[in-house]
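A.B. asks: This is what each chain is made of:
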Amino acid sequence: MAPKPKLPKPPSAKSHVDNSVGERRLRQIYDWLDSGNSKNALQEAGKVLKKQPNFLCVKVLKALALLRLGKEDECHELLEEVSREVPIDDQTLQAMQICYRETQQPHKICEMYDAAAKKDPTNEEILTNLFMAHVRLGDYKQQQQTALRLYKAKPKNPYYFWAVMSVVMQAYHSDEKIARMVTLPLAERMVQKFIDEGKIEAEQEVQLYIMILEKQGKIQEALNVVEGPLGDKLISYVTVPQLKAKYYLTLKRWKDSIIISKCFLRENLDHWLLIKNYLTSAMSLMEEGEDLSSTDVEYVLWSRPDASIPQIKEFLKLLMNEMKKKGKNVRGPYLAWLEFYKMVHERGQDADQLVGDIVELFVQYFRCFGDRSCCPLDLKQYLPLVSVQCRGDLIKGVWQIVGLEDGELPDTAYRMQQHISTILLSRHLGYHENLSSTEKLQLTTCFLRYFQHGMRFNVDPLPTDFLSNDPYLLLMAHLLLDIWIETQESSRLLDVLLLLEHALLMSPSNFHFKLLLVKCYNILGAGVAAHNVYETLDVKHMQLDSLGYVHCGAVQATGQYSIASNLYDVTLRFFTVNYKDSVDYLSFTYKFGSFMKIEEFVEFRERLSSSMHYALVTVERMLIDILHSTTHTQMLKVVSQMEIQSEKDRMDWKRMTDNRDMNAYVSWDPPERQVSSDLIKETRDADTSFLRLRMLLLRALGAVAELCSSDSPVPPKEVNESVDHSHGNETTVNGKTPSQHPLSSLEKVISELKNTHKSVKEEGLKYNPSKAIGAPLRSRLFDYLETNSVELQLELLSLIAAVVRESFNDGKGNAFTDIGSKAITILRGSVHRAIKSVFETKCASLNTRRELFERAVNVVEMVCLAALVCGVINNILEPSKQVASKKGKKKQKGADCPETVEALNKFMSEMQSIATELHLALGNLRPNISVDAFHSQMSLIATEAGKDTPPCRVPAVGALPAIGPDDITALSTDMAQLVLSYENRKNKDKGFSVNVSAKLSESYEDSLQEIITVLQQKMTYLDSSKL
Amino acid sequence: MTTLRPFTCMDLLKFNNVNLDPLTETFGLAFYMQYLAHWPEHFQVAESPSGEIMGYIMGKAEGLGENWHGHVTALTVSPDYRRLGMAATLMSWLEETSEKKQAYFVDLFVRVSNKVAIQMYKQLGYIIYRTVLEYYSGDPDEDAYDMRKACSRDVNRQSVIPLEHPVRPEDVD
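Here the protein sequences come in this chain order: A and U.
Each residue of the first sequence is one higher than the one before, counting from 118 in our numbering.
Each residue of the second sequence is one higher than the one before, counting from 19 in our numbering.
The hints are simulated quantities; they were obtained by calculation from the structure and are not laboratory data.
Among the clues, some could well be false.
Stated by the list, open to error - Output of the computed footprint for chain U on chain A, the stretches with three or more beta carbons under 8 Å from beta carbons of chain U:
(1) 351-365
(2) 486-493
(3) 660-670
To be verified - When the alpha-carbon atoms are kept at most 20 Å apart in a straight line, the in silico SDA-like pairs for lysine to any residue are as follows:
(4) A:Lys-441 - U:Gly-103
(5) A:Lys-697 - U:Ala-48
(6) U:Lys-118 - A:Asp-349
(7) A:Lys-497 - U:Glu-70
(8) A:Lys-369 - A:Pro-358
(9) A:Lys-708 - U:Lys-119
(10) U:Lys-118 - A:Thr-942
(11) A:Lys-697 - U:Gly-103
(12) U:Lys-119 - A:Gly-348
Stated by the list, open to error - Every beta carbon over 10 Å from chain U, so not counted as near; a handful from chain A, in silico:
(13) Pro-170
(14) Asp-387
(15) Pro-427
(16) Lys-434
(17) Arg-448
(18) Asp-469
(19) Gln-481
(20) Phe-583
Just so you know, even glycine gets a beta-carbon here, dropped at the ideal spot from N, CA and C.
In isolation and in its complexed conformation, chain A is listed as follows (with noise of 0.2 Å):
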């Protein structure tokens, strides 16, 4: 939580002989104010003004408390009082200042020190604040005028430059056309001006010259500017080296650029960039044609523009006996070789015949690097390159470094991190996709050897760092959920469970084995034991935003409403504190000169507040208060509360952002098993979809309620008239777009919650089920097209329309018979639906234990907005709403009318007899939905596998070997206990040290517990709305 911004003491050494007793009482208001005591501030306050009533200050800090007591009112009228006499003390500024941004009206901040700066118009510290406050509001133009207003009163440079960078500010915010050919040439001419005139002073404002010069694609201006005298000034963000190097390859200047990387490599072999600038610049420089005969003299090599195959692999040869030379090995020569293969390969050529074998050329980084994690990231991209034929090769190269035999356990530390390094190598190469199911089981039952052999490697491990041996179990996990992916046998995914559960008991701190825990829980439909372990992770501020996405929208879909609220609150809290600090920021950055990081805030802060999943978040949040709500009344406080827009969209579709971090879950499944481009956009659609149709929902909501606190429930001009949907253009009255009559929002929602339907069905979005280990789980759009959710939604609102209007015509009408019966057929029909074809039928497997609860959470939000629509209803037939709208002309007639209030009632009934059957059924899950029945058939020791067939032989393992039981029992302490476990599982032996099916057990008991309760609370409800 952020805290309350101190305020800003008054200078004590400024006091005046005749204030200095108004100084000291000032103080201590200000302490009252910081301890968060308003009640003595106000007094205090109090007593000075009438000593002293023109104290503006404390007029200020007296409407400050009164603020906070939550008197908005009397806040605002005393500010009025004190800004119409425009103070220009900072003191009384910064207290206004305070308020205004308590009451969220940066505006106000502006204009007051706008007036200020009307009668104090040379005052610096008015100007500054005043530059800041349209900082604040993203008012670039004023920000241009305040900043050179500023200049002319006191003329700095940073004021100038202040006003230069608002300039390009109104670029980056305008037609590209614009920029280029108007504001971007006056930004540069601005600046130009002051280096004729020799004013450059600081690196920030050569760095501010040099964005506008590559802005408008000036870079070989640019170029001069770096190479000239304007150049010694850039040495700390980014450096003349750095810049020359990326201008020459932009100009392609291949020479300079190969000779300027040469000379910065010659000091750092490792830099990456630099290594391939150089490859593309001499490739680039080959395609011309130019060549240069061979040499082998040093300094030759150092400084030659290379222009031939055979000149660059002596220049990588070069790196390599400089870095042997040097003494140390770093990886960037080696992949140095891989990346020229891989160009020249791109480039049509026959690289293998060019460059150099791309087995050897593999097997040379491993034989250094072999023995690092990083190696099989590093080599991950380059694998596409070896054909399939050469794959074998590839291992056999590796395994050949690793040195041993087939199925011997690694000797020492060093050996095993190679053997791991093959291994995921292979993995990547696709040698795990072939194998059978079986034969997977007998390689995670040889991968455990190999983990528990490797214990001992680990001396005096830290409970904060990953056991070296990890990725063994790790890769045990990806197997058996291979074998859930192909047999859906769901003791599979126990076995992932009890072997992750395992795992960080012994290795606390590896947080891939939690993000498949949590990935696991969630896919079984086990809510609250996802999100034990999802708090494990501790995912706090940006995180919410960048991995939210792997928990809340499942938790919530098990009907874990109050950890998912919490989740959401969590979520909502940082995205609203965030996005009014980092706006300070953005003013920090012009007072520091960090320019070129202001377009990066800007675009930073749009890109938060139009993230997917803080949309998503917040109307998930509202929803569950509102359609949880107990009562009618309490409905409709908490719509109130909610300052829900039901007129207009406020979305900006097309802007929304996806911030998912899909790179969470380290994977090393070959290529078509990772997470694609395509499954990002997939999942996102459907996200954005669903995110569509719960917006509208929850417009229609807020109108509903807007209608049950509306004077007249029918727009006064067209009372008995249909309202024309079709012209959605605002009338404006006297220049003001009068807001909406409630009943025309709704109506309007209505329909475009039909059309948003409609076209969601025909795009036909599909779920597919993905192989890949990072991706998504199902998104909640699927079951709730399946469920008709809206369907009821669209005929459920459609009634409350129809019965407003007939309630003003003369109180008959078919609404309830029309209408009514509709909604209740969906109803019965999505109710049975659930009962018979989910929860009859899928109790049966864990596999579908999700879908069966987010089918119960989906149909009872259906009973739940049932019952609110009920309760709605109700309250605008009600008899006591009529004598309170008595005022107005027309008279109710619906209550008078007896059929309708019967048809209401019977509605009603049918209404709670769904409800109840509903009730009946998710009770009649409590006795199947623990998990005792679900114990591993198939015990993961394959002591009998391999017996009849030719052993298996997998890369890096060798030969699969049968496992007896003599093996089991040489294995010692936790592996052991995890084995023996899965051994004895079926014969219910106590000795779990987690007990993986009493947490799934726990957690669905708990589950269904909360859908019930949600449920009885609606039943209520109905039975209390009856008229």
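Following the hints, put chain U in place on chain A, whose structure we already have.
C.D. replies: Structure of chain U alone, referenced to chain A:
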């Protein structure tokens, strides 16, 4: 030195493989932005050839007169990229930047229990300048070592004469 580049806000959205590490604190957005706004050159990220974040360093320049120094606020390397000298590379960037800013020394705080880190800083030439009592809050609170390395401007190496007595956190400026 591997390729370092300035850390940007967008990196905050994808640094999970570094920050999920239990010894790496994830701060509030404001904290990162303060550093990015004020000392952008002290905040660098090391990127792997495949574009992943290998680690980053976050620091600042502060102090008056002979106390003008570079400070390491956070230094972290992803578990996947350890044992490659990444931390040394990042540290040397900050030291160079501090040299350019004509600092007298570079300093940092480290948990007294974090033996691995202390050992590494010693190898990089840092000395334990003083102990700060109960600097890290927790259960129980933990002391910090204030470790220092002199820059070339501190010709007489005045800044790295260790203090004999520990200090309280409120005495650290």
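A.B. asks: Please go over all the hints and tell whether each is borne out by the structure.
C.D. replies: Checked hints:
With 4 residues having a beta carbon nearer than 8 Å to a beta carbon of chain U, the segment 351-365 of chain A meets the requirement of three or more and the stated coverage holds. Proximity of the segment 486-493 of chain A to chain U, defined as three or more residues with a beta carbon under 8 Å from a beta carbon of that chain, is established by the 3 residues found. Closer than 8 Å: that is the beta-carbon criterion, and the segment 660-670 of chain A has 4 residues meeting it against chain U, so the requirement of 3 holds. A C-alpha spacing of about 17 Å is found between Lys-441 of chain A and Gly-103 of chain U, which places the hinted pair at or below 20 Å, so the restraint holds.
At roughly 10 Å between alpha-carbon atoms, Lys-697 of chain A and Ala-48 of chain U fall within 20 Å of each other, so this suggested pair holds. For the hint pairing Lys-118 of chain U with Asp-349 of chain A, the CA-to-CA distance comes to about 12 Å; that is within 20 Å, so the pair holds. For the given pair, Lys-497 of chain A sits about 12 Å from Glu-70 of chain U by alpha-carbon distance, which is consistent with the 20 Å threshold. Only pairs whose Cα atoms come within 20 Å are accepted, and Lys-369 of chain A paired with Pro-358 of chain A is accepted, the gap being roughly 16 Å.
Of the supplied pair hints, the one linking Lys-708 of chain A and Lys-119 of chain U holds, its CA atoms being roughly 19 Å apart against a limit of 20 Å. With a CA separation close to 77 Å, the supplied pair Lys-118 of chain U and Thr-942 of chain A exceeds the 20 Å bound. For the proposed pair Lys-697 of chain A and Gly-103 of chain U, the alpha carbon gap of about 39 Å is over 20 Å, so the pair is violated. About 17 Å separates the Cα atoms of Lys-119 of chain U and Gly-348 of chain A, which keeps this hinted pair within 20 Å; it holds.
Every beta carbon of chain U lies more than 10 Å from that of Pro-170 of chain A, the smallest distance being close to 39 Å; the non-interface claim holds. Non-interface status of Asp-387 of chain A relative to chain U is broken: a Cβ of that chain comes within 10 Å, the nearest being about 5 Å off. The non-interface label for Pro-427 of chain A is consistent with chain U: the shortest C-beta to C-beta separation is roughly 24 Å, beyond 10 Å. Distance check on Lys-434 of chain A: its Cβ is at least 20 Å (rounded) from any Cβ of chain U, clearing the 10 Å threshold; non-interface status holds.
Some Cβ of chain U comes within 10 Å of the Cβ of Arg-448 of chain A; the nearest lies about 7 Å off, and the non-interface call is violated. At the 10 Å boundary, the C-beta of Asp-469 of chain A stays outside the reach of chain U, the nearest C-beta of that chain being 21 Å off. Residue placement check: Gln-481 of chain A keeps its beta carbon more than 10 Å from all beta carbons of chain U (closest about 15 Å). At roughly 5 Å, the least C-beta separation between Phe-583 of chain A and chain U is not larger than 10 Å, which violates its mark as non-interface.
Consistency note: the structure conflicts with the earlier hints numbered 10, 11, 14, 17 and 20.
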